[in-house]
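When you get a sec, could you build the whole thing from the sequences and use the hints?
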Amino acid sequence: MNYMPGTASLIDDIDKKHLVLLRDGRTLIGFLRSIDQFANLVFHQTVERIHVGKKFGDIPRGIFIVRGENVVLLGEIDVDKLCDNVLQQVSIEEILEEQRLQQQAKQKTEKAKKIASGHQNSDLTLDEEFYFNDSTAQDIMLTWDQALIPNTEDENMAI
Amino acid sequence: SFHFLMTSPFNCTLEKEEGLVEEEDEIDQFNDDTFGDGAIDDDWQEEHKRLAELEERKNDGLGGLGLGGLGMGGMGGGDSSTVQLPPPASRERGGGDLAESLAMLILGADPAIASVGGPAGPGDRSTGLPPPPSMPQQHHHPSQLPSHHHLTPSGLPPGPLHPSLLSYQQHQHLLRRGGAPMQQMNSHNIWENNMGFGPVSVTPGLITQMEDSPLMSIIKEVGLPNRPPPVMSEDGRDFSERAPPPRSSSPVIGSPPVRAVPIGTPPKQPMSHIHHPTAVHVRAPVHHQHRYPPSFPERISPNTLLNMANSPLCRPPFPAGVGPVLSQIQRAQMLNSQVAGFPRGCQGPPLLPGGGGFRPFFGQPPPHRMGPHHNHVPCPIIRHNTTHLHPQHRRMLTQRMQSRGGYRGGRVGDWRSRDPYSNLMTQREKEWVAKIQMMQLQSTDPYLDDYYYQNYFEKMEKRQERDRDGVRKEHTTKLITPQVAKLEHTYRPVQFAGSLGKLTVSSVNNPRKMIDTVVTSRTDDEEKREKQVWNKRRQILYTVEKMYSLLLEVQDFEKRFMQTPEEQREALLEQHKTHTLQLYASLKEKEWDDRVSDEQCLLIMSVRKGKRLISRLIPFLPPLQAATVVMGIARNLHALAKKDKQDQALCWLVEPVAVVISSLSSAALTDLLQELQGSEGQLSKVLQNKFGVTLLYLILSEGERMQSSDLNCQLMDDNRWTELVFSVTRELLNVPPSSLSPPLFTPPNLLSLFSRYVDRQRLELLQEKLQISALSR
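So the protein sequences, as listed, match chains Y and B. Here the UniProt record's numbering is used: the first residue of the first sequence is 1, the next is one more, and so on. Here the UniProt record's numbering is used: the first residue of the second sequence is 1, the next is one more, and so on.
For the record, the hints were derived by calculation from the structure and aren't laboratory data. All figures in this text were calculated on a predicted structure; none of them were measured in a lab. The beta carbon of each residue, even a glycine, is placed where N, CA and C say it ideally should be. It is possible that part of the hints are untrue.
List time: in silico EDC-like cross-link candidates among lysine to aspartate or glutamate, alpha-carbon distance up to 16 Å [unchecked claim]:
| # | chain 1 | residue 1 | chain 2 | residue 2 |
| --- | --- | --- | --- | --- |
| 1 | B | Lys430 | Y | Asp15 |
| 2 | B | Lys435 | Y | Asp15 |
| 3 | B | Lys430 | Y | Asp13 |
| 4 | B | Lys643 | B | Glu599 |
Facing chain B, a subset of chain Y residues (Cβ under 8 Å, in silico) [what the hints assert, rightly or not]:
| # | residue |
| --- | --- |
| 5 | Tyr3 |
| 6 | Thr27 |
| 7 | Phe31 |
| 8 | Arg33 |
| 9 | Asp36 |
| 10 | Asn40 |
So, in structure tokens, the structure goes:
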């Protein structure tokens, strides 16, 4: 049956395999079982796919109910199409490990950036930094100056 | 350790002890369930007692094997594996026959199994191994695993008949109740369970993964996910009484909805396409449990193996169309490969259809089709909803589909019907959602609201016409949005008469509108006029009030007069006179004129209160003044009558006026009549008013009385009276009956009056009209 041709209705997508990207960055793949007017989705036999570089891993999650507002995009998966030759599937442990490493690396670079730009305690405001920094008045002044200077050069250096 | 408890029979304590001795050593080594995570703090002695009792009972009834199998299977325990270490000899228990027969049954029934390996002898495994009550979801290290593997892979993927029938929890429960006569454990049972399913729950649904087992089909038809089906072993012993009550929440995620027969499954067909998400689902944090053993030789519990076997890596969690994701052979091969040694930690077994992707749809491979064929099976899904696509797009799609091997429209239906989870959303629900979406598209002006859509489709249609040239018309389905006529839906809140506000019922469609904040902007002129009117009215009322107070005083005079003593009576009398004069004076506009001021009179009479006032006032006035007042009334009656239409307050005047009239002289009467008639057309207006008609009658009647009673009546002295009466008569005849108001009363002598002045014919007419009958005389 052709529901609402010419529109983007999810009714015709029911019972098909879909990939959905959520606002928190997760990627879920599952069979779309049910929808409603808010585009809340019910996924069946869902798998969360984590991508790190060229590797990916699937974590089976079971049944998912996704609130419509959290969906970034949703697309049907062509089951006929051959699975990617580029991406390599790995185990869950491995992909989670990779993810963790990725996060670590990311944090390191972030930290390095901050240090280079003088914002050591990035979660503090400038005022708080002022008080927390253990330094003489001159140093304090220095800190302030550094803070005021645009960071671009420093960043490049750090990286 | 509880293993010795698992030893079945009641008979041989000796054996038990033996087994115990043997087992204990190994248990300590291999079993982390005893002291590790899986350990339970139950008192083993009690446990033992319970089990022993149960076993006695069981053995009485026989068929303990089934449960035994259950117990074993559910545990899938590594422990069981360890317990299997003891030599077969120790395993030979009373129930051995059963185990054997059952094994035969299972193996025999399943061609795959049969083909793969010989049935595992009853001696292979130990039965009666009580998996520690807490089912290890951890790895157990079945040292025996390897050897058993060959036998089992018997692909009992679908697992053993029995163990699968109870959920894990049920197993546990059974155990705790000492319900598991882990007598002889069919080797198959253990391994089947381990192979086929997660350690956690094995529901009947899982059974469906078995192929072509008659028992399976029976169970399928009957079983509910959480309930062990009534038939659990070939002898038909009903173990449901032993089974714990079904849990309200099945731990197995993805188990099929509770249906006697899953959707779209012909009874005989294996439900292998139900692909249960592996046990991994149930365990929340998968990773920490899902440790891959470094290398095979080390202890790998069946669970571990199971997990690996069922890892998402190996098994896509999607319904595998019809065929099992892994055929028996595949599974066996996979396991073998794993057994042989893990090449690298987590690589998918090479057997698996390539790509770590999902393979939800396997088409409909006949049972013999396996393995490599899977790759080609998935068939293209016909998209029926492509009609709205751009023709180019559609063409591309069809081409693509065709390249895949022709039209397989039928397949889709197949696929849909074979997917047991399809149509969870009923047609009604779909329509309901579509309806809501359509409602949102309601538009009174589609070209305004959805300009681009409308234009796009117009262009497309034109293009089609041009291209196709009428030879082949492709009809694109266009969405017809509901067109709603523009209606003014103004909500007028219900308001009860006399209430201060409006009914407080509001909804989304008619939001509250309790207060009418309607701004009436009036111009200055209007305001002035309105103000003037009000001022005047107020003034009149004020005058009336004042007069009333005077009147009341006059009215009360009598009473007071009687009360006051003699001396003061004079003063009071004076006072009274003054009052009366004052009263009268107020009616006059100008002091010098004796006539009642028309204006004043009119003003007062325009107010209802004023009318009442006058009516009360007249009796107190001296006759002359009263007469003038009545004259004034008569004179202005036509104007007053118009105002009085609603109220008829003038009728109050009837009585006093009547009195006055009766005291009038003939001349005065004539005058009165004249006044009443006034100018042309005046009388007709008067006649419309009840009071007017009544007054007229009064006058006429009085005149008649005068004429008839008093021979010296001067009424006829001049022609005025006659003329007046004539004109009145004329008027009465001419006036339409509708505008003739019925009088308050009809004086009886009217007829005689009229008879004097009019001829017979007219008299009769008058009679009719005025409804004066001779009788009233």
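For each hint, the structure was consulted:
1. Taken as a hint, the Lys430 of chain B and Asp15 of chain Y pair is honoured in the structure, with Cα atoms around 12 Å apart against an allowance of 16 Å.
2. Between Lys435 of chain B and Asp15 of chain Y the CA atoms are separated by roughly 20 Å; this puts the pair beyond 16 Å, and the hint is violated.
3. At roughly 11 Å between alpha-carbon atoms, Lys430 of chain B and Asp13 of chain Y fall within 16 Å of each other, so this suggested pair holds.
4. A distance of roughly 15 Å separates the Cα atoms of Lys643 of chain B and Glu599 of chain B; the hinted pair therefore holds under the 16 Å criterion.
5. Nearest Cβ of chain B to the Cβ of Tyr3 of chain Y: about 5 Å, under the 8 Å cut. The hint holds.
6. Annotation: interface hint on Thr27 of chain Y violated; nearest CB of chain B at approximately 13 Å, more than 8 Å.
7. A cut of 8 Å between beta carbons decides the hint on Phe31 of chain Y: the least distance to chain B is about 7 Å, and the hint holds.
8. A distance limit of 8 Å between C-beta atoms decides the matter here; for Arg33 of chain Y the minimum to chain B is near 5 Å, and the interface restraint holds.
9. Given hint, Asp36 of chain Y at the interface with chain B, holds; its Cβ is 6 Å from that chain's nearest Cβ, closer than 8 Å.
10. Taken as an interface hint, Asn40 of chain Y does not check out: its beta carbon lies about 10 Å from the nearest beta carbon of chain B, beyond 8 Å.
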